[in-house]
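Peer 1: So the sequences go chain by chain: A and B.
Here the first sequence stands for residues 57 to 413, numbered as in my numbering.
Here the second sequence stands for residues 57 to 413, numbered as in my numbering.
Keep in mind the hints are simulated off the structure, nothing from the lab.
Check the hints yourself; a few may be wrong.
It does not matter which identical chain is used: a pair holds within one copy or between any two.
[Said to hold, decoys possible] Straight-line alpha carbon distances no greater than 20 Å define the calculated EDC-like cross-link-like pairs of lysine to aspartate or glutamate that follow: (1) Lys238 with Glu408; (2) Lys99 with Asp368; (3) Lys58 with Asp88; (4) Lys398 with Glu334; (5) Lys218 with Asp277; (6) Lys166 with Asp277; (7) Lys284 with Asp179; (8) Lys160 with Asp271; (9) Lys233 with Glu369; (10) Lys75 with Asp235; (11) Lys75 with Glu334; (12) Lys218 with Asp344.
Computed from a predicted structure; not experimentally measured.
Protein chains: 2
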Amino acid sequence: MKKHNFSAGPCILPDEVLKESASSIINFNNLDLSLIEISHRSKPFIEVIDEAKSLVRKILNVPKNYSILFLQGGASLEFLMVPMNLMDINGTAVYTNTGTWANKAIIEAKKLGNVNIIANSSDKNYSYIPKDFIIPEDANYFHCTSNNTIYGTQIKKFPKCKIPMVCDMSSDIFSRKIDINKFDLIYAGAQKNMGPAGTTLVIVKDEILGKNNRDIPTMLDYRTHINKESMFNTPPVFAIYVSMLTLRWLDKLGGIDTIEKRNIEKAKILYKEIDRNELFVGTAEIEDRSNMNICFLLKENKLEKKFNKMCDEKGISGIIGHRSVGGYRASIYNAMPIESVKELINLMKKLEDENIS
Amino acid sequence: MKKHNFSAGPCILPDEVLKESASSIINFNNLDLSLIEISHRSKPFIEVIDEAKSLVRKILNVPKNYSILFLQGGASLEFLMVPMNLMDINGTAVYTNTGTWANKAIIEAKKLGNVNIIANSSDKNYSYIPKDFIIPEDANYFHCTSNNTIYGTQIKKFPKCKIPMVCDMSSDIFSRKIDINKFDLIYAGAQKNMGPAGTTLVIVKDEILGKNNRDIPTMLDYRTHINKESMFNTPPVFAIYVSMLTLRWLDKLGGIDTIEKRNIEKAKILYKEIDRNELFVGTAEIEDRSNMNICFLLKENKLEKKFNKMCDEKGISGIIGHRSVGGYRASIYNAMPIESVKELINLMKKLEDENIS
C-alpha cells in the first residue's frame with residue numbers, strides 16, 4: 057500500500073513521474089545507457105534541460121526578457137547569491153522577516169551590506185503575514201518569502217514595489233497563478249512542487265544583473281549560468297530530469313489553472329474540518345493561511361499519542377509539525393491527491409467521535 | 057545490449073547500483089515511499105548519509121581528525137570555497153596549472169588574493185605533469201589536481217609540502233591508494249568513481265579551518281557543514297544515496313586494493329595497444345599517463361570516420377576526445393569492466409589489420 061505522504065519536503069511526487077524516473081535509470085530513451093551515466097553535454101540530456109526550461113516558461117508564462125536557470129545549493133545558496141548580484145557594496149536591501157527561512161536570508165544579506173527589515177511577524181511566532189508597509193525606493197531590492205513552510209502562512213497579495221522585487225517561492229511555486237512581471241528574481245528549491253532535492257530554479261529578469269559594484273565569484277554570478285545555459289559546470293542531471301517529468305505531468309494536467317483549483321479545494325476542505333472539529337485548532341491567521349502547508353494543533357495534548365497511532369495505521373506519513381510550532385503540519389503539495397486529504401479528515405472526525413460525547 | 061560506456065563523466069556506474077537505485081525510486085527500504093519523496097531528516101535517509109560517510113572513511117582510511125562532507129556545486133564551487141576558507145585577505149596561495157580545471161581553480165583563487173603559479177604545463181598543451189618545483193613555506197596553502205580528465209595526465213607522486221596541501225581529486229578518487237595524511241583538504245565531484253552528478257565529496261582536516269581573517273558566507277564555510285553533518289540545508293538525497301550504493305559495491309569488491317589492481321591492468325593493456333598499433337599514438341607523456349582517462353590520436357585523420365563507425369556498431373560510446381586535445385579519450389573508471397576495454401582493443405587491431413598491408 058502506497059503511503060499518504062504529507063512530508064514538507066522532499067515531498068510527494070506524481071506516481072507516473074517516479075515510474076518513468078526508475079525506468080530511465082535502467083535504460084534512458086532506449087539508448088541502452090542509464091540516464092545517470094550519460095554525459096551532460098550529450099544531445100539526449102541537452103534535450104532534457106531544454107524541455108525543462110521550456111516547460112517552466114510555458115507553465116508560468118515567463119516573458120522572454122527573463123532567464124530560467126537550474127542551479128545547485130538550494131534556497132540557502134540563493135540567500136547569498138541574491139545580495140551578491142543585486143546589492144551594492146555599502147548598499148541597502150529591504151527584507152521581510154516572516155519565518156525561519158526569511159530570517160536565514162536576512163542573516164546572509166547582512167554579511168554583504170545593510171538590511172532594512174521592514175516587516176516582522178516574529179512577535180506572534182510568525183503566525184501571520186505583515187501588511188501595510190511601504191517599501192523605500194532608494195534600496196537595491198526588496199526580498200520576501202511567498203510561503204512559510206514551517207508556519208503555514210502565505211502571501212496572498214504581493215506588495216506594490218518600485219525597486220526590484222525578489223521572492224523565495226521554494227514552497228509554493230507552480231501551485232498558483234503568479235504574474236511573473238511583478239517580480240525581478242524568483243528562486244525555489246526543487247523539492248516541493250518541482251522535483252526531488254538537488255536543483256534550484258531561478259527565474260531572473262536579465263536587465264537587473266551586472267549593475268552592482270562587486271567582483272562576483274564565477275559560480276555565484278547569475279550571468280555565468282545564463283551565458284552557459286545552466287551548463288557552466290556539470291549540472292545535477294537526475295534532479296533536472298525528474299523536474300522536467302514533473303513539469304510535463306503538470307502541463308498535461310492543464311497547468312496552473314487546473315492545479316490551482318485542486319490546491320484550493322484540498323486546502324479548503326482540510327481547513328474547514330480544522331475549524332469545525334472541536335479537538336483541533338489552526339495556528340495561522342485565517343486570512344494568511346497557506347494552501348500548501350496546513351498547520352494545526354490538538355487542543356488537548358493527551359490525545360496526540362492516539363491520533364499519531366491512528367495516522368500510522370492508515371499510512372498517513374510526514375504529518376508531525378516542525379518543532380518550532382508543534383502539533384501537526386499537513387503539506388498538501390501539487391502531487392497530493394484529494395483522497396489522501398479526505399483520509400486525514402476522516403481520521404480527525406473519528407478522533408472527535410471517539411472522544412467527545 | 058548494454059553499451060560499452062567510456063564517457064568522461066557523468067560516467068559508467070555498476071549495474072547492480074543502477075538496479076537498486078531504480079528500485080528505491082519506486083519503494084525505498086520497503087517503506088512504501090520513494091527514496092526521493094521522504095524527508096532528508098527522516099531516520100531512513102540519515103542512515104543512508106551516515107553509511108556513505110562511514111564507507112568513505114573505511115575505504116580511504118580517513119583518520120578521525122578529518123571531516124567527511126557531501127556538498128553541492130561540484131568542483132567548480134570548491135574552486136571558490138577553498139580560498140574562501142584557507143586564504144587570508146591579502147594572502148597568497150600556491151597553485152599548479154596542469155589543465156583546464158586547474159586553471160579554473162586558479163582564476164577563482166585570484167579573485168580572493170594572490171596566486172603563485174609554481175608549475176605550468178600549458179607550454180605543451182598540458183601533456184605532462186610538472187615536477188621538481190619547490191613549494192614556498194610562507195603561502196596559505198598549495199593546490200594541485202591529481203588527474204587531468206581532459207589531457208589524460210595523472211600525478212603519480214605527490215610533492216613534499218610543509219603548508220596545507222589541497223587536492224582536486226574529482227576524476228581519480230577511489231581509484232588508487234592515497235595516504236590521506238599527506239593532504240589537508242581533498243575535494244571531488246561525485247560523477248566519476250563515486251556516483252551520479254549532483255554531490256561533491258569533501259575530506260578536510262578540521263584543524264586547518266577557522267584560521268583566516270575572512271567573514272565567510274554561511275554556505276561557503278566548511279564549518280557550517282561540519283557542524284550540521286552535511287544537513288545544514290536539504291542535501292541532494294538521490295546523489296548521496298547512489299554514491300552510498302557505489303561505495304558499498306566498491307567495499308564488497310575488496311576496496312582500494314582490488315580496484316587499483318584492476319584499474320592498472322585495464323590501463324596497461326590499452327596503453328600497450330596504443331603503443332603497439334601503428335595507427336595510433338598516445339598524447340600524454342608516458343610517465344604521467346592517467347589510469348583513468350586514456351587519450352590517443354589516429355595518426356591519419358582520414359581513418360577517423362571509419363573507426364568511429366566501427367565503435368558505434370560495437371556499442372562503444374563516449375570515446376570522442378575533448379575538443380582541446382582531439383582524437384579519442386577512453387575513460388575507464390572503476391565500474392568499467394575489462395571486457396569493454398578488450399572490445400575497444402579488438403577494434404583498434406581490426407582497424408590496423410584492414411588498413412596496413
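Peer 1: Indicate, hint by hint, whether the structure satisfies it.
Peer 2: Hint check results:
no.: 1; hint: Lys238 with Glu408; in the structure: neither (45 Å within a copy, 65 Å between copies)
no.: 2; hint: Lys99 with Asp368; in the structure: between (45 Å within a copy, 16 Å between copies)
no.: 3; hint: Lys58 with Asp88; in the structure: between (30 Å within a copy, 5 Å between copies)
no.: 4; hint: Lys398 with Glu334; in the structure: within (18 Å within a copy, 73 Å between copies)
no.: 5; hint: Lys218 with Asp277; in the structure: neither (24 Å within a copy, 34 Å between copies)
no.: 6; hint: Lys166 with Asp277; in the structure: both (18 Å within a copy, 16 Å between copies)
no.: 7; hint: Lys284 with Asp179; in the structure: neither (44 Å within a copy, 28 Å between copies)
no.: 8; hint: Lys160 with Asp271; in the structure: between (23 Å within a copy, 16 Å between copies)
no.: 9; hint: Lys233 with Glu369; in the structure: neither (36 Å within a copy, 50 Å between copies)
no.: 10; hint: Lys75 with Asp235; in the structure: neither (33 Å within a copy, 43 Å between copies)
no.: 11; hint: Lys75 with Glu334; in the structure: neither (41 Å within a copy, 49 Å between copies)
no.: 12; hint: Lys218 with Asp344; in the structure: neither (24 Å within a copy, 59 Å between copies)
In this structure, the earlier hints numbered 1, 5, 7, 9, 10, 11 and 12 are contradicted, and the remaining ones agree with it.
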